[in-house]
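K.L.:
We have chain L; now place chain U onto it with these hints.
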Amino acid sequence: MEHENETGHAGVHMPLPTVWPVVLALGLTLIIAGMVTHVAVAVLGLMLSLVSAVGWFRNVLPHEAHEIVEAPIEPLELVSVRTSIDRIPVEPMHRKVIPVETFRFSTGLMGGIAGGIAMIAPATLFSLIKYHSLWYAMNLLAAGGFVSWAGESNQFLAQFHLQGFLAALAIHAVTSILVGSLYGAMLPMFPRWPILTAGFLAPLLWTGLLASVLNVVSPILNERIDWFWFVGSQITFGLVAGFVVNLQAKVRTPQFQALPFALRAGFHANLRHDDEEKDGQA
Amino acid sequence: MATSTRVTGHLDNPTASGSHRGALAVLQDWLTTVDHKKIGLMYIGYALVFLLIAGFQALLMRVQLLVPNNNFVSPEVFNRLFTMHGTTMVFFVGMPILFGFGNYLVPLMIGARDMAFPRLNAFSFWISAFGGFLLYFSYFAGSGLYGAGTAPDVGWFAYAPLTSRVFSPGHSTDYWTLSIFLSGIGSIGTALNIVATTLCMRCPGMKLNRMPLLVWLYLVVACLVFVTISPLTAAQIMLCLDRYLGAHFFDTQAGGSAVLWMHFFWIFGHPEVYILVMPAFAFANEIIPVFSRKAIFGYPAMVAASVCIGFISLSVWAHHMFTVGMGPGPNAFFTFATMVIAVPTGIKIFNWLATLWGGNIHFTTPMIFSIGFLFQFLIAGLTGVMLAVSPFDWQLGNSYFVVAHFHYVLVGGILFMIFAAFYYWYPKMTGRMLSERLGKWHFWLFVIGFHLTFDFMHVPGLLGMPRRIYTYEADRGWAIWNLIVSSGAVFQAAATLLFAYNLVHSYFKGEIAGPDPWDAWTLEWSTSSPPPSYNFAVTPTVDSRRPLWDRKHPEETDAQYE
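Chains as they are written, first to last, in numbering that gives the first Met the number 0: chain L, 0 to 281; chain U, 0 to 561.
Please keep in mind that the hints were generated in silico from the structure rather than gathered at the bench. What you are looking at is a predicted structure, and each value in this text was computed from that prediction instead of being measured. Check the hints yourself; a few may be wrong.
Output of the computed footprint for chain U on chain L, the stretches with three or more beta carbons under 8 Å from beta carbons of chain U [stated by the list, open to error]:
1) 71-78
2) 111-118
Partial selection, computed: residues in chain L whose CB lies under 7 Å from chain U [unchecked claim]:
3) M13
4) P14
5) T17
6) P20
7) V38
8) V42
9) V68
Quick list of the computed label-pair ranges, beta carbon to beta carbon [what the hints assert, rightly or not]:
10) Q559(U) with I67(L): 38 to 44 Å
11) P61(L) with F55(U): 47 to 53 Å
12) V384(U) with V38(L): 32 to 38 Å
13) Y135(U) with L161(L): 56 to 62 Å
14) G21(U) with A52(L): 26 to 32 Å
15) H361(U) with F260(L): 39 to 45 Å
16) F55(U) with F104(L): 38 to 44 Å
17) I128(L) with G254(U): 39 to 45 Å
18) T322(U) with L203(L): 39 to 45 Å
19) Q559(U) with F104(L): 27 to 33 Å
20) L49(L) with Y500(U): 51 to 57 Å
21) A52(L) with R475(U): 54 to 60 Å
Glycine included, every Cβ here is placed at the ideal spot set by N, Cα and C.
Just chain L, with the same shape it has in the complex (with noise of 0.2 Å):
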């Protein structure tokens, strides 16, 4: 595109200007008006749509058709009204407690899929003991998208249904999977206690928070719902997921390739200490 001209500028090739995309386009148009107009202004517009055809395709065949500018290299003033550099003043600590290591996103699918697995005992021995039937608790997980189910009885949600297995299975898989990723992300976050945080407390949060828009989500689900079972099953989860989980190994974030040398060969083992040290010498 680019090479010296005469004058020692940098000439540059450009398409030349050409008439024919108008005259295409108006032939076309005009071609289009025929319908609606006459029949001559249709002829007219094949004719004009045929001629700079023709005339396009001799514009860029064998060679495309270009123009030699000439573009004079000059310096530009470019002027910042950049003035100053705040800087925000933090502690050397702020909002520093990063992950250094985390865990693969795969780790989280496969700790949703143990935790999916798992939760199924305590569903169906919460239908066992309940109402003598291995679907019960199936179908209402299913339930929620047969709106037609709405009013059927528990003596029909005890029996298998085709449809009912279906539905359940793909939003047990897809709720499985994606909280399984959610503590594969979350889990290096709560690096005391994990039993506690993600086993408990993470299933009691996220029961308060079904519990509050279930009505909404599964009507059915909601008034049928045992939630002493249910707070186990998810528990269950939980525990299982948080289990399978943690097995894995861990891999290392962009936040442990920015520690000192010393701190990634292992030399120290506590950043804060050096930095309150360097702050106590000054």
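P.N.:
What follows is chain U alone, placed relative to chain L:
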């Protein structure tokens, strides 16, 4: 103290400028140009002319609705007015003006010399322009050359069976169909150019994750154009077949389906809102950081949100059809999808607020229009979520509440950002600044007019006033609200005329802008104003998302942190 940096730039070849050329030479220059900047300016100029026409049509409608039982225009003329107003604003104002800015800015921002296909670019503009002319030719020849002319009167969405020959004799509906068909060809051509230019012509160092957000958004818009114009064009052809060859696609009595037309139209129609609003987002992404003196907050999240909006916008179309009776399944799905799209949109709003937060905000005219946009678009989004709830929509569908909602989006959101874009990039396009004083007058008059019109327009909607009615009885309780709404239109018209005056006056008398009047950071400001035909004598190289910042502040470049 301000810092001054000399960068390698270039000035246009002065011998090429034609200050003494005759009118014919100038006309030939513009008719034959394949320069993306001139084509962009033609798009913008053409759209501004249609903006004035369609704005005048809106004024006529508001005069008609000013008082009950008014006979300022006949019912037939009123039907033509709202049809032409809607069609013009969407197809011949909104799309061209946004394509115009895209044409002008995308190559400059990515360090390219032109669009990938310059001749196709010119063709796309001209065929879109001729589409607009054909639509307005219907006023003279709507019933064919042998009859009296009439403009289309079937609404901008032209529902079946109103468009059938039985209910719409003559050619007025055909003019509507064919003009949009032509404009669609142009839209596809421009979208093709934007995608090819963005993907293949970025300057060295400009990876996708360093591309200006404006270019990202135009890329998403171009992809949406591909997906959505196709069903619209297919539907137009099917309608032509129905009207000319006796096909029965939309003829319910002959086994066709009127609802099919609605699906075809709205699968274009709703993403079209995002085709129009995403360039407005794009302008905000460039203007808000510059006048907050901060880099945009959350660049990756903004890109992800834009792409998400593009995808989700393709699955919300039938919220326009809740009153059709689609059944609980589809209603639930489209309610859900419509609400979900608020999530990436919300991310954008929060990121703009985070960009403003703690910034050294300069309240220039482009910035105050952008701030107006933020507030108004938020409200438009909230009424959108309300209408997404299908039972709510059953109550207020086809009422003035809906009209108020989408004008909040189109005027309060999009038009405000278009004005902001004019004030921001006019210096680059012409080399002269727009008057800030007139700009502030323009802003405040328009804000007052906008809120008088569209805030109060929600009320008659809630009181049950249907849209598209020609007049109303005095005992409905709508009169006072319509009076206020119409009075706001006067303020808006005055503001728009002031803006037009500012455009013309500043072109001749405006302050000289220089290459970078806003101390901005993207590549278009690194060349002269207006840029030469080749944009950059030396192809730029970039190392960060703010290349001009890096050049101005070599001691603290963004490249060190990205």
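K.L.:
Determine for every hint whether it applies to the structure shown.
P.N.:
Right, here's what the structure says about each hint:
1. 71-78: That given contact holds, which follows from 8 residues of the segment 71-78 of chain L lying within Cβ reach (below 8 Å) of chain U.
2. 111-118: violated (count 0)
3. M13: Cβ of M13(L) sits 6 Å from chain U, so the hint holds.
4. P14: Given a least distance of 5 Å, the restraint on P14(L) holds.
5. T17: 6 Å, holds
6. P20: 4 Å, holds
7. V38: 11 Å, violated
8. V42: Not OK, violated: V42(L) not within 7 Å of chain U, min 15 Å.
9. V68: 5 Å, holds
10. Q559(U) with I67(L): 38 to 44 Å: This hint holds: roughly 39 Å between Cβ atoms.
11. P61(L) with F55(U): 47 to 53 Å: 50 Å, holds
12. V384(U) with V38(L): 32 to 38 Å: 52 Å, violated
13. Y135(U) with L161(L): 56 to 62 Å: The hint (56 to 62 Å, Cβ to Cβ) holds, given that Y135(U) and L161(L) are roughly 59 Å apart.
14. G21(U) with A52(L): 26 to 32 Å: Taking Cβ atoms as reference, G21(U) and A52(L) lie about 30 Å apart, which means the hint holds.
15. H361(U) with F260(L): 39 to 45 Å: Since the Cβ atoms of H361(U) and F260(L) sit about 43 Å apart, the hinted range of 39 to 45 Å holds.
16. F55(U) with F104(L): 38 to 44 Å: 56 Å, violated
17. I128(L) with G254(U): 39 to 45 Å: 56 Å, violated
18. T322(U) with L203(L): 39 to 45 Å: 43 Å, holds
19. Q559(U) with F104(L): 27 to 33 Å: 29 Å, holds
20. L49(L) with Y500(U): 51 to 57 Å: 45 Å, violated
21. A52(L) with R475(U): 54 to 60 Å: 58 Å, holds
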